[in-house]
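Put chain B on the given structure of chain A with help from the hints.
Chains as they are written, first to last, in the working numbering: chain A, 14 to 408; chain B, 83 to 227.
Hints should not be assumed to be uniformly reliable.
Stated by the list, open to error - Pairwise CB distance ranges (calculated): (1) 111/B - 162/A: 48 to 56 angstroms; (2) 341/A - 137/B: 52 to 60 angstroms; (3) 151/B - 153/A: 43 to 51 angstroms; (4) 225/A - 211/B: 21 to 29 angstroms; (5) 137/B - 206/A: 52 to 60 angstroms; (6) 111/B - 369/A: 48 to 56 angstroms; (7) 154/A - 134/B: 57 to 65 angstroms.
Quick caveat, the hints were computed from the structure, so don't treat them as lab data.
Just so it is clear, CB atoms sit at the ideal spot from N, CA and C, and this is done for glycine as well.
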Amino acid sequence: MPPQQAATQDEARFRLAMASAGIGMAIVSLQGEWVDVNPALCRMFGYGEGELIGRRVHAISHPDDLPLTAQLFERLHSGEADALDAEKRYIRKDGSTIDVLLNTALMRGAGGAPLYFISQFRDVTAQRAAERALRELNETLEQRVRERTAEVEAAHRRLEAFTHGVSHDLRAPLRAIDGFAAQLDRQAGAALDAQAREQLSRIRNASARMGALIDSLLELARIGRAELRPANVDVSLLAEWVAAELQDAQPQRPARVRVQPGLDAIGDERLLKALLSQLLRNAWQFSAACERVEIDVEGARAADGLHFVVRDRGIGFDMAYAGKLFEPFQRLHGSEQGAGHGIGLTIAQQAAARHGGTIRAEAGPGPGASFHVALRDLALPAQERARDNTETRAA
Amino acid sequence: MNGKLAPDKEILLVEDNPDDAELTRIAFAETGGDYRLRVVSDGAEALSYLYACAPAELPALVLLDLNLPKLDGREVLQAIRAEPATRSLPVVVLTTSAEPFDVDKVYALGANSYIQKPVEFERFVEVVRQIGLYWLALNQPPTTP
Chain A
14 MPPQQAATQD EARFRLAMAS AGIGMAIVSL QGEWVDVNPA LCRMFGYGEG
64 ELIGRRVHAI SHPDDLPLTA QLFERLHSGE ADALDAEKRY IRKDGSTIDV
114 LLNTALMRGA GGAPLYFISQ FRDVTAQRAA ERALRELNET LEQRVRERTA
164 EVEAAHRRLE AFTHGVSHDL RAPLRAIDGF AAQLDRQAGA ALDAQAREQL
214 SRIRNASARM GALIDSLLEL ARIGRAELRP ANVDVSLLAE WVAAELQDAQ
264 PQRPARVRVQ PGLDAIGDER LLKALLSQLL RNAWQFSAAC ERVEIDVEGA
314 RAADGLHFVV RDRGIGFDMA YAGKLFEPFQ RLHGSEQGAG HGIGLTIAQQ
364 AAARHGGTIR AEAGPGPGAS FHVALRDLAL PAQERARDNT ETRAA
Chain B
83 MNGKLAPDKE ILLVEDNPDD AELTRIAFAE TGGDYRLRVV SDGAEALSYL
133 YACAPAELPA LVLLDLNLPK LDGREVLQAI RAEPATRSLP VVVLTTSAEP
183 FDVDKVYALG ANSYIQKPVE FERFVEVVRQ IGLYWLALNQ PPTTP
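The following block holds chain A by itself, in its conformation from the complex (with noise of 0.2 angstroms):
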């Protein structure tokens, strides 16, 4: 192939390629003006091919940038070095600004003589724009982190203010209730026919009932904020603790409760007491309609914590409101079923949870119903860690 056909060739191929490159591509002049633009640059700056070619790149360029392109052109005339990195600012056609990484080649001809740059651009303005965003974020992170903390002090405060008002404001009228109903059923009630008397008998339920209510909201609340101690608990020993005391609410009831011994977990015994009341005091009114209670408590160990299920033989549930069992106030049951107040399994819910645990709740296929659980161990504090390996050395 003759020189010149071959040098034809070459422009072909490194034209085609400049067509197809997914970057801006361009030659440039020595005098600065435009020579050759690719597709992609011009839908990055935004102009025609037919407006750029043989205007001067500075009509584009950021004013501030001059001096670096000044410097960069002059850099490679000199010899210093063939090809340069920069990264540069232009204005597109629309006004906007642009951050653009340069990449300018000067091509010489065979004496040495230099002919023209070749240039590539690549678009990096979203990418500044999100460090720069990221460098703003964390310049004001301090002054924000500060905020929110004084806001989350803030609705703790309010909580506390919250709850200790239910506490004790709740609390006091009903206790007017109760007593002096009490009083008028002691000082009257022989008096009263048999209607009035229960009407005084049912203001009574309802006042101990609102009681019941305001100490399980104030649980939940408890349980949603309290300071976790961890420690090595007993399980097993827990639950049978809570089922001698449902029998001993009731003590003419006929009951079998089995749990299943050595069931141990790393957690808050205070908060694994209260799930456990709760889940078994549920398992025990909803098994009322039954001959006897029967309540099994069985579990394992998994690797990251320990899971146990509580199974009655009680009425059970449907299913489809399965969800709809751990919603505070949402009963499935009317009271004459053994219902409360609808708060029981949002606390043992949110006992679990802050465990990093789950409760699950299964209905059928026999009678009754079965709630598991998984519980994931706490992280035991330094001193309880030496004690257990000191324990662990003397056995």
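For chain B alone, coordinates are given in the frame of chain A:
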């Protein structure tokens, strides 16, 4: 002592809620004890009464509600413990709060005991009976062996 407070001794109830004051009075009557109950309805009144008492007139027991107007129960308790004349008065804090935080704080301030007022009247009577027994235990002369 025959199960009763000495007739010249009284219990000072610091309680701003008239319903609670009346119920406490009824509950004391229910227990059958011969208690003289003096009721004051705010913290400042409680302190000025106590400070004006001659040593022999000091109440045998102070039942102190925590939520009080003007000076609250905690401030009253602190003031009682700070004053030499009243420092050793037995004080039982009465409150509706079952918050463990409050319980710890009240003991730290120097309460002798802490009783949560229950909603249910019968339990309230039981609590008052316990207060009477507590008083007896506190004031029992030492038994000679």
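Checked hints:
Range check, residue 111/B to residue 162/A: about 53 angstroms between beta-carbon atoms, so the 48 to 56 angstroms window is met. As the Cβ distance of residue 341/A to residue 137/B is approximately 54 angstroms, the hint placing it in 52 to 60 angstroms holds. At about 45 angstroms, the beta-carbon gap between residue 151/B and residue 153/A stays in the expected band of 43 to 51 angstroms. A hinted range of 21 to 29 angstroms holds for the C-beta pair residue 225/A and residue 211/B, which are about 23 angstroms apart.
Between residue 137/B and residue 206/A the beta carbon distance is about 55 angstroms. The supplied range of 52 to 60 angstroms therefore holds. Roughly 53 angstroms separates the CB atoms of residue 111/B and residue 369/A, a value that falls within the hinted 48 to 56 angstroms. Checked against the hint of 57 to 65 angstroms, the pair residue 154/A and residue 134/B passes, with Cβ atoms roughly 60 angstroms apart.
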